[in-house]
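Asks: Start from the sequences and build out the full structure, keeping to the hints where you can.
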Amino acid sequence: MTTVAVPLALDDPINAAILTVSEDKLEGFQRDPFGEIAARSGVPVETVMERIRAL
Numbered sequence: 001m002t003t004v005a006v007p008l009a010l011d012d013p014i015n016a017a018i019l020t021v022s023e024d025k026l027e028g029f030q031r032d033p034f035g036e037i038a039a040r041s042g043v044p045v046e047t048v049m050e051r052i053r054a055l
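So for the sequence shown, my numbering puts the first residue at 1; every next one is plus one.
Any given hint could be a false lead.
[Unchecked claim] Quick list of the computed label-pair ranges, beta carbon to beta carbon: (1) Phe34 x Pro7: 17 to 23 Å; (2) Asp12 x Asp32: 33 to 39 Å; (3) Glu36 x Asp12: 18 to 24 Å; (4) Thr3 x Phe29: 33 to 39 Å; (5) Ala39 x Thr3: 25 to 31 Å; (6) Val45 x Thr3: 17 to 23 Å; (7) Ile52 x Glu27: 16 to 22 Å; (8) Glu27 x Thr2: 35 to 41 Å; (9) Asp24 x Thr3: 17 to 23 Å; (10) Thr2 x Gly42: 25 to 31 Å; (11) Thr47 x Lys25: 24 to 30 Å.
No lab work stands behind these hints, which were simulated from the structure alone.
Even for Gly, the Cβ is constructed at its ideal location relative to N, Cα and C.
Replies: See the structure below:
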């Protein structure tokens, strides 16, 4: 089994983009908060989910 290291640094460009639009900053109910974060940050939803899980 191979393990891929996910960058956990908050200053990582992808993590920073995700955190800028974090779920807590979304207004109102979001049916798909990860999808909304992905759309607003320009990061693929799979990457958003992977990074949030790791953080």
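Asks: Would you mind marking each hint as holding or not holding in the structure?
Replies: For each hint, the structure was consulted:
At about 18 Å, the beta-carbon gap between Phe34 and Pro7 stays in the expected band of 17 to 23 Å. The given range of 33 to 39 Å is broken by Asp12 and Asp32, whose C-beta atoms sit roughly 24 Å from each other. Look at Glu36 against Asp12: about 21 Å separates their beta carbons, and that is inside 18 to 24 Å. Thr3 and Phe29 have their C-beta atoms about 35 Å apart, which keeps the hinted 33 to 39 Å range intact.
For Ala39 paired with Thr3, a C-beta distance near 29 Å keeps the hint of 25 to 31 Å intact. The given range of 17 to 23 Å is respected by Val45 and Thr3, whose C-beta atoms sit roughly 22 Å from each other. In this structure, Ile52 and Glu27 meet the distance hint of 16 to 22 Å, their C-beta atoms being roughly 19 Å apart. Checked against the given bound of 35 to 41 Å, the beta carbons of Glu27 and Thr2, roughly 40 Å apart, stay inside it.
Asp24 and Thr3 have their C-beta atoms about 29 Å apart, which leaves the hinted 17 to 23 Å range violated. Evaluation of the 25 to 31 Å hint for Thr2 and Gly42 yields a pass: the beta carbon distance comes to about 28 Å. Between Thr47 and Lys25, the C-beta spacing of about 18 Å breaks the proposed range 24 to 30 Å.
The structure shown violates the earlier hints numbered 2, 9, 11.
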